[in-house]
Structures are given as structure tokens and as C-alpha cells.
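Enquirer: Here are the chains, one letter per residue:
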Amino acid sequence: MEELLKILEELHPEIDFRTHEHLIDDKILDSFDIITLIAEINDEFDVAIPAHEIIPENFNSAKALYSLIERLKDED
Amino acid sequence: MLFTSYSFIFFLIILILLYYLVPKRMQWKLLLLGSFVFYYFSGWSNLVYISVTIVSTYFAGLKIDELNRRQSAYLKENREKLTKDEKKLYKEKTKAKQWKWLLACLIFNLGILAVVKYTNFAIANINSILSIFRMTELSFVNIILPMGISFYTFKTMGYIIDVYRGKYEPERNIGKLALFVSFFPQLIQGPISRYDDLSQTLYQEHSFDPKTFSYGFERVLWGYFKKLVIADRIVAAVLTITKNPDTYDGVYVFVGMVFYAIQLYADFTGGIDITIGIAQMLGIEVAENFIRPFFSKSIAEYWRRWHITMGTWFRDYIFYPLSVCKPMLNLSKFSRKHLGENIGKRVPVYVSTLVVWFATGIWHGSSWNFIVWGLLNGVIILISQELEPLYSKFHEKVKIGDTFGFRLFQVVRTFLLMSSLRILDCYRDVGVSFRMFFSMFTRPNFRVLFDGSLLKLGLNVHDYIVLALGVILMISFSLVQRRGSVREMLSHKPVVLRYSVYIALFFTVLVFGAYGIGFDSNQFIYNQF
Amino acid sequence: MKKMRTISIVIVILVITVLSAVLQKLLMPKYMTQIVEGALIEEYYHEKIKDHDVIFIGDCEVYENFSPITLWEEYGITSFIRGGAQQLVWHSYYLLEDTLKYEKPDVVVFSVLAMMYNEPQREAYNRMNIDGMPLSLTKLKMAKASMMPEEDLITYVFPILRFHSRWSELTSEDFRYWFKRDQISHNGYLMRVDVKPVGRLPSPRLLDDYRFGDKAYEYLDKITELCKKNGIKLVLIKSPSLYPHWYEEWDQQMVDYAQKNGLLYINMLNDIDEIGLDFEKDTYDAGLHLNLSGAEKAAKYLGKILQTKFNLPDRRNDEKLSAIWQEKIDYYNKMEQEQYRELEEYGYLLKFNMRRNQENNINP
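Protein chains in written order, with the numbering used here: chain P, 291 to 366; chain S, 2 to 530; chain A, 71 to 434.
Simulated from the structure, these hints should not be mistaken for lab results. Cβ coordinates follow ideal geometry from the N, Cα and C atoms, glycine included. Be aware that a few hints might be false.
Simulated DEER-style distance windows between Cβ atoms [claimed, not checked]:
id : chain 1 : residue 1 : chain 2 : residue 2 : range
1  : A       : E243      : S       : A469      : 25 to 33 Å
2  : S       : S477      : A       : K120      : 52 to 60 Å
3  : S       : I127      : A       : R275      : 31 to 39 Å
4  : A       : P219      : S       : I401      : 54 to 62 Å
5  : A       : E243      : S       : V38       : 42 to 50 Å
6  : P       : L295      : S       : S208      : 50 to 58 Å
Once the Cα atoms are required to be at most 27 Å apart in a straight line, the calculated BS3-like pairs of lysine-lysine come out as [as the list claims (entries may be wrong)]:
id : chain 1 : residue 1 : chain 2 : residue 2
7  : A       : K370      : A       : K404
8  : P       : K296      : S       : K64
9  : S       : K101      : S       : K64
10 : S       : K212      : A       : K370
11 : P       : K317      : S       : K298
12 : S       : K400      : P       : K363
13 : P       : K317      : S       : K64
14 : P       : K353      : S       : K298
Turn these sequences into a full structure, and let the hints guide you.
Expert: Encoded structure:
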């Protein structure tokens, strides 16, 4: 989780990713952020997030994103 | 049929009447019949093209679903017997088979689109190469472009990709799928609906509801106002300027680009208003395609507000899949290692962006000016992305970010930027477009604005007055709309006022519309897509 | 709540209908000045007693060349000229069909000059011949047969769809004549007292093909058939206008046609001396059309033939008719006086010379 937060904070240092739950709805993360994130996550966690998982539910909070990563890791 | 033809209005009246007279369970079937009749009037060969797409996609969808069912049954049956790895292998095999069906469907249908739309473009380019070697050139083919093929093909391909991704089950009723693909109000210029969105209301039974019906009608009326009173009127001046670039250079180019912005906005948003309004009159909800795009403060924001369904289609079906696919991730890792963190992490963004904007450009038209236009959009978006940190620093020092003046500056800047890019659309030739653009700065013929030359472009004083009032009305409407639905606000006003507004709007279209003898009913600009 | 909504929708529809009709009246051209020919067709429907011995149909070679007042004054023949600007053969056919809904004349006189046109010519002339008619199936059939490729049938049902663009061209004339009209013709005759003697007429060109077109013949046949079916005597005439040139080959075709169908065909160009026409004095546009004195002479001549040939009764002993026609005669004479006065004051007739009016700053 800590690594994920580090990645997120690098993208937007001004946001508190521990508490923010509307990253997509409030347009904090745009489409460029998302794919940069996915590339970094792939690098860091060795997990490939497929395109159809790019939905607001998975990216609205760091928590949701982390559970996605765990789920994909599990399926592997 | 064009939206602005007498035959379409006649067709629409009859369809709506029948729609509320037939048994409710027949309504969607009536729409399917109506859509095919509508499409038939634009050429019977159109029906062949769209039927082929419907049938091929229908079967691909069923096949993919069948593989899913087999997989579930197999895994359930052998839950105890198989190891985790065996299950994983089986799933991968199923996925691979499904992928083959998806690919076949995509290649087939996008292939039809490519051949029909881009053959002559390819031939033109091949000929340029052949002429260098003085070889005989190929002759152009005469293929009639089925109306709306770019729109309905994308709509349908979105559906089959979603089915492949498991987003929803395929439509088992081929008639219903046919209606989704060919729903007539969307055949001309979209919006590019998603199946899970449109199917919510497309097949349902609809009773006549006076409120939604009149809301729909009012929206249609507003659409015709923009289309007939503004777009079809101002087009005369735009054509004069753009068809004679060397005569109308300098300030004329600026005039042309602003007028074209007005024309395109009124024509496209007007047409979509008619589309969504008609659907609403039928009790069907169609997604919005524009949200006051000229109020955008940046190019990125503009593309979230203009032709929204196209933007999201490219994002969900090309941009995201491309940027998160294995090869791209590997490329990203590779470049990070060899070209450094900074460049490395930009690679997926840059490559995907440029690919998407190339595709967007070529989707708009089969000629180089559209491709250049698309790529320029992409490049400018990337540049503004890069300049972000600089902007933030600036706004930290100089606190003008929230002032009305600065926001107005951003809006005007974005408007001028997008209008400038659209010059490539006006002049159809890359060289001419750039030459005309630069002539704005090199040929200061400002007196053209004051010496009556503007009255020689095909518009007289009366036309300009109507246009000015019309543009003011459109702007006011959008300003009010920021607070909520205008129709909703009007419905709370006294009855007499409300109906007077709509009656006045009706007569404005009837009297001031640029239609009939003396005006050429202009094709919607996006019609041949 | 729902009842309120239904009532308001009904009211809205009513308001829109009434407003559309009122706006349509405003936006349609009035034809009271300059192109007065456009008002001709409609004037028939204001005729109090629609019962005429003779009905003329055709183009300017009927409505400029014959005076119904003379036919009455000399022979007691009642007549009406249902002529229109460049009225084509199909226009004439349907106009006749329309007229027969109101009356059955003894004689129909048709100007055959229109046989030279086999295609619709101009949208403006279609409108001038068709718009004046009340909405009917005949009117729609006439429109369908006459439409130029760019025209739409629905604009003949709702002319506002054609004339809405006149909003930026409205003049005081449109407001003055919004709901009323002046009478500009005398039972379809458009009076001109001015004189312009014939000069040099352009020499006639050689044509590739002199045969009148199939469409022209088709409708001439229909006219012939319609008259026969109704027991009406059809008379074909070539009016005594010197231009457009009436070719020998054309004349022969009409002679043959008349003979084949048992019709009377009169080429008045052969009878100019007998009619007593003097093209120094009797034409207002150098020989294309006759002026008042010419039209009266032509009417006198033709009237004699019609009366003798078809035993047309002298209706001057009918009190009611005489009274009505006396009114017509008074109006006719009054306009004649007015036109002469205008000629004296301005040197030309105001209604027919808008450009000169503009130059001289006159508003008729």
C-alpha cells in the first residue's frame, strides 16, 4: 500500500491519497494520469491492469486501486 | 433523408403517430422498420452494408457467449478434478478462442469501413509515389459511402468489444441488435451510443407522456433553429471564403474561421439536439454529445465537451487498451531502463496519444488535412501537459487564476486555438491551410472589416442581423444552461410566457430559416462519416 | 392537470395556425405594383356571377390582346380571360379544369403560342399561375405537372414555405395590401394605354426541329378532350402579336391539328388588315402586345366570328347582367382616364415601370 501511495503522491503531491475517495469523480486523475499509474504499477507490482478494469470504481480511491492490484495478483 | 427535408418531417410525423398507436410491445419493432425505411431512402445499397455488420456482429457475440457458457459448465462440472493451473490454462484457451472471434468481427467490419472510406485516399497516395517513378497511375474507384457508416460501425464495434470483455451478455434477439445499430436518429451523425446505456430505454414499452414528449419537441425545435436559422445561413460566407483562398486571405481567413466555428457548432449541436429530442419524444434516452464546448478553458477540456461520445469511444477502445497492453508496458519498461525515468514514463502517454489522434483525424476524413489536424490536436495536448508545472508556478506567483478576466482569457484563447486548427478542415489542403493561416499575420487587410466587403460574401445586412441575434441567443442559452436545464426553468414560468417562447421559436425557424428556393439545404457536415 | 395540458395544446395549435395564415398573407407577394400579372389568376374568384359565354385561357397573348368590355359593348357577349404570365399548356389545362368547377362556358379560346414550350420554364411563372388558386386537387395536379426540379409540392399547399424569405424584402406595398387587393384587370384583361410603335423586329432564327413537343401535345389533347366531354366549343387562336415569331411550320401544325379534331383555328396574324391594327399606334411594346386600342379592335374582330359561328346570344337585355357590366364599364373607363392622366403627367405608366419610379423618386 505504501508503495502505491508513493506512486500516487509523485503524480499529484498536493492530494492526500489516504483519505480522498473521489479521485475520478472530482477529476483529480485524468486519462494520462491513469495510464502513467498503470505503467508504474506494472513496474512496481508486476501486475497488468487490463483496459476493461479502468472504471471509476477501481480508481476513485487508493484503497480501491490497491484491492484491484491484489485481486489481479491473486488471479495470476 | 436529411433532417431538414420535407420528406423527413413527413416521415417523422407518421412514425411518431404510429408509435403511440400500435401495441406497446410492437414499438421497438416499429422503430426497427422505420429505421430501415429511413435508411432505404438514402440508397438501398446502404441496407446491404448495415445488414452485413449487424449479422456478423450478432453471430460473433453469440459465439463469444457460447464459449463463456461452455467454460462455466466445464469448470463447474470439473471443479474438484482440476488443479488451479489447469483451470487457468483452460480459461486462457477460452479467452484466446474468444479473441479470435472478436478479431474476425473487428477486421471484417472495420475492413468494410476502411475499404469504403479510404480506398481512394490510398490510391491517391500510391499514385503520388507511382508518378515519381513515372509508372501508370491507378484509377479511382466509385464507391458510394453508406450514410453514417463511421458512426454505426464504431457503435457496433464498441458493443462486440464490451461483450468480449464480459461487460454484458450479447443481445440474443437479432432484431433488437439491429435496432441498436440502425436507430435512425443516430444514423446521420451519432451520438455513438453504448449498448448498455441505450438498451435501457430503447426496447421498453413507452406510454405517451406529455411532459417528456413536449420536452423532446422543444429540443427538436431548438435544434432546427440552430441548424436552419444560423448554420444554413452563415455557410454561404464560409464557402465563399474557403473556396477562393487566394482572393480571401488575411483578415478574411480570420473571419472565415470564426464563421466556420459558428457554423459547425450550430450545425452539429443542432443536429444532435434534433437526434436526442426525437429520441426523447419516443421515450428513449440518448447520451449527451456536447456540454457547452466553447466555454472550455483548455484544449483538453474542449475534448471532454465536444463530440463526447467519439472522445470516450477512442479513449475506452483505443487509448486505454493500447496504453496498458503488454507490448506497451514492455516498451515503457525498456525506455525507462535505456532512456531514463523521465522519458520512459512518458512513452506510453505519448505513443498512445499520437496514435489516438491520428485515428481521430483519419476518422474525420480520408485526406491528409484531417490527419494533420488530428495529430496537431494531439501534439498541442501533449505540449500543454508538459507546460503544466510552469503554469502552476505562474499561478502561485500571480494570483489571477480565479478572476473573471483570466477565465475569459482562457475561454477566448481556447476558442481561437480550436478555430485555428479547424482551418485544416475548411481548406481541405494542408499547404493551403498553412498558407492561409500565416496570411492572417502577413496580410493586414483590416479595412475589409469596415468597407463593406463583408457584405459581398453572400450575406446581406439582414442576414448579419439575424446571425448576430442568433449567436447572442445561443450564448445566452448556454450561459443560463450552466445553472440547469433551460426547459426545466421555463416550465416553472407562467404558462403564457412559456408557450409564447416556443411559439416565437417556431415562427423564428419558419420565417428566418435559410431553407427553400434561394437557399441550398446544406448537408450536415458530418453526414458522410 | 392533464385536461389543462390538452386544452393548452389545442390553444397553441390554434394560435400557430392563425398566426401562420396571417404571416403567410403578409409574406406572399401582392403583385399590386410592378409585376401586376401575378394578381390575374386570383381575380376570377371575385367575379360575382361566374357564368360566361366565352372563357379565354393562355398567356399574355390573351390577357393583353382582347378586351372583354368590348365583347360586351359590341355583342353582349360575357367573357373572362383566365390568362397568366407565360402560362404553359399544362397550366391552361388545369386552369380550365378548375374553371369548369364553377361554370360551363359555351366557348373556350386558347392561345396556341404556349405550344412552343415543352418544359417548365421558370419557378416565378409557376407561382404566378398557381398561387392565385384556392387549395384544391386540381391546383396540386397543376403544381405537380409544372414544378421545376428545385421545387417542392408542399410549398404550394403552404406557400409560406416558399415566401418566408421575403421577410427581408417587405415593402409598404406588402403592408398596405396585407388583407385586401385592388382590382387590376377587367375580367382578366390588363389595360395599357401607352404607345410604343413597332421598330425593327429581330429576324427569326432557324430551328432544328419545328415539331411541338410531346408534353405540349399531350395537354392540348387533354384540353380538346375536356371541352368535347363538356360540350364546349374549343377555338384555337394565334393572337396578333408580332413577336415571338410564329413560324410557318408551327402554323401548319395547328391547322392540321384543328382539322383533325374538328376545331376552329384562327391565325389572326393573317387578318391584321381586316382587324384594322396599326402597329404604329396599337402596341405598347413595339409589337409584342397590343395596347388598349389594339385590344378593342382585336376583340371586335374575334367577337364577330364567335357570335356568328357559335350563335352566342346578346345578353344586353338581361337587366341584372347589364347592371353588373355597367359597373365594369365604369371602372374600365375610369382606369382608362387615370392611365391617360398618368401618361400626361409622367410620360409613362407608373405601375409598369418601377425602375423609372425609383429614378424619379415616385411611390405609386
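Enquirer: What hint numbers does the structure not satisfy?
Expert: Per hint list: 3, 8, 10, 12, 13 and 14 violated.
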